[in-house]
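Chemist: One letter stands for each residue in the lines below.
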Amino acid sequence: MGILTVLWEKWTEFKRDFYKITLASMISPIMYLIIFGMGIKVTSNGEPYLNFLIPGIVSMATMSGSFGAVAQNMSVQRLYEKALDQVMISPTPLWQFIVGQILGGSLRGLYAAGVILLLTSPIRTGLIYNGWTFLILLLNGLVFSTIALTFSFFAKSYNDAPKFNAYIIVPMSFLCNTFFALENMPAGFRQFISFLPLSQTCSMVRAIAAGGVPTVFGFGVLLAYLLVFSVISFLFIYKKKNL
Amino acid sequence: MIEIKNLTKKFDDFTAVDHLNLTIETGEFFGLLGSNGAGKTTTISMLSTILLPTEGEICIDGVPLSRKASTQKRKISVVTQEFSMRADMTVEQVMAYQGMLYFMPRKERLAKTEELLEFAGLSRFRKRTVRFLSGGMKRKLMICRSLMIEPEILLLDEPTAGMDALARRQMWNLLRKLNNRNLTILLTTHFIDEAQSLCDRVALMNDGVLDVVDTPQNLIDQLGNYAVDETADENLKSTYFKDRSEAIRYLEAAGSGAALRNATLEDVFVSRMAKRPDERKQG
Chain A
28 MGILTVLWEK WTEFKRDFYK ITLASMISPI MYLIIFGMGI KVTSNGEPYL
78 NFLIPGIVSM ATMSGSFGAV AQNMSVQRLY EKALDQVMIS PTPLWQFIVG
128 QILGGSLRGL YAAGVILLLT SPIRTGLIYN GWTFLILLLN GLVFSTIALT
178 FSFFAKSYND APKFNAYIIV PMSFLCNTFF ALENMPAGFR QFISFLPLSQ
228 TCSMVRAIAA GGVPTVFGFG VLLAYLLVFS VISFLFIYKK KNL
Chain B
50 MIEIKNLTKK FDDFTAVDHL NLTIETGEFF GLLGSNGAGK TTTISMLSTI
100 LLPTEGEICI DGVPLSRKAS TQKRKISVVT QEFSMRADMT VEQVMAYQGM
150 LYFMPRKERL AKTEELLEFA GLSRFRKRTV RFLSGGMKRK LMICRSLMIE
200 PEILLLDEPT AGMDALARRQ MWNLLRKLNN RNLTILLTTH FIDEAQSLCD
250 RVALMNDGVL DVVDTPQNLI DQLGNYAVDE TADENLKSTY FKDRSEAIRY
300 LEAAGSGAAL RNATLEDVFV SRMAKRPDER KQG
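So the protein lines, in turn, are chains A and B. Each position in the first sequence, counted from 1, maps to that position plus 27 in the numbering used here. Each position in the second sequence, counted from 1, maps to that position plus 49 in the numbering used here.
Since the hints were derived computationally from the structure, they do not count as laboratory data. Every residue gets a Cβ at the ideal spot worked out from N, C-alpha and C, and that includes glycine. Fair warning: there could be bad hints in the mix.
[To be verified] Listed next, the in silico PhoX-like pairs over lysine-lysine satisfying Cα-Cα at most 20 angstroms (straight line):
id, chain 1, residue 1, chain 2, residue 2
1, A, Lys267, B, Lys59
2, A, Lys47, A, Lys37
3, B, Lys54, A, Lys268
4, B, Lys286, A, Lys266
[Unchecked claim] Not close to chain B: a few residues of chain A, all C-beta gaps over 10 angstroms, as computed:
id, residue
5, Phe45
6, Tyr138
7, Leu145
8, Lys183
9, Tyr194
Generate the whole structure from the sequences, applying the supplied hints.
Modeler: Here is the structure:
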């Protein structure tokens, strides 16, 4: 029931800001597609670069959509509006609140990915998307919603929210297998980047798009992040003395 | 019944609440008074589990209160000192959200929203976004929200702050009605007349420490029911007397600038807060 309450709250926010949310989820990916996919016309391993780029952009949209929805919302609720107090005081079990936030954030990420897929659908790329693609994107959204929730709990001021974006989302957007393959990175750094969640999401979505299958390792990495950050979030909301 | 046992809250080296012990009976209207920084809001925040105590515990009807204690939390409703609402929600969405957080069925939620918004004069603003409400309207909405769930215990942290005199009186009447329905109310306020008018008992806090707990009338009796105000060196000085004839004698000796009046809870507050901690212990 508590999960549905949070999803209802997210839904009212989505309905109210529908155009803003939709536009915001489109602008950066479209820019990347135009600049890297259409402006600088290159090929990658004999294939149009767009075929490499689109799965990366779609994965990235899930990440930034989910992260942005939760980090922004929670920072405002906890530090500025103090609306989190209303939830803390209520009998709604706090784990349900956390799960609702994570699910809601992930659905927003999935929506952002859906917008990009729709926009790129007229381009004849031959890329394949199936149930696995959406499952991976949903999982990626869950991971980044949980990370956003954790970081917003640790934020000391409302101004910290944009910093998370600068420290987490921007570097991952460019480094994690989105615009170029991990193989092109120096050893050591490559291994480190490959353990980041967006790298695995991009790899798996790209593999499926090319007719392949996702890897167990990829799922394992995403699930590990989900587990670790969920535990931190739960501990925070139940144990933190000064919320 | 609320039992506060040895409740302590520290923020690093600063002790905001220091070994507070209080019992508030079911149906009691209890006032928590103190100067700024006395620890009132910290106490309310611990009662609403926003803050967890460093030491001690709070029991509601004998059961310890924690963030996991849904049954206990269901009994409590809080009006926080700061506006704590989603600023981008409409008035009716705020009410709906509150109802959902307390698992109210939709039909009951809608009926209660209607009743409370009507009562508070907010019905015609139901579609208005919270951001665009005036301070007084936001305060009324927070009170409507807290009453949405028919709590057994109502915690009010400065509920009339920012309200005009008429709205404050309306609020007092409402709180009296609620208290008559056996609702336990814990009120913190800067308006001492509010506490004197409403509360069965009051506690005075200073620097996180409980100073005294008693009925407003007993506290006034201890101080003296009669006050003589006189101005000395541009400062107002009040002297208190238990006996009216003694006060009149003092008034006559003080000269033309002095005035006799009945002492109030505010006099108790001011005189106790002005004393050093060791003097307060002596009474």
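Chemist: Please go over all the hints and tell whether each is borne out by the structure.
Modeler: Verification of the supplied hints:
Restraint check: the Cα-Cα separation between Lys267(A) and Lys59(B) comes to about 14 angstroms, which is no more than 20 angstroms; the hinted pair holds. Our distance criterion of 20 angstroms between C-alpha atoms is met by Lys47(A) and Lys37(A), whose separation comes to about 14 angstroms. In summary, the hint linking Lys54(B) to Lys268(A) is supported, as the alpha carbons are separated by about 18 angstroms, within the 20 angstroms threshold. Taking the CA atoms of Lys286(B) and Lys266(A), the gap is near 49 angstroms; set against the 20 angstroms cutoff, the hint is violated.
Consistency note on Phe45(A): stated as away from chain B, and its beta-carbon is indeed over 10 angstroms from all of that chain's, at 13 angstroms minimum. Non-interface status of Tyr138(A) relative to chain B is upheld: no Cβ of that chain comes within 10 angstroms, the nearest being about 19 angstroms off. No beta-carbon of chain B is positioned within 10 angstroms of the beta-carbon of Leu145(A); the least distance is around 27 angstroms. No beta-carbon of chain B is positioned within 10 angstroms of the beta-carbon of Lys183(A); the least distance is around 14 angstroms.
With a least CB separation of 27 angstroms from chain B, Tyr194(A) remains clear of the 10 angstroms interface cut-off, as annotated.
Going through the hint list in order, the structure does not satisfy hint 4, though it satisfies all others.
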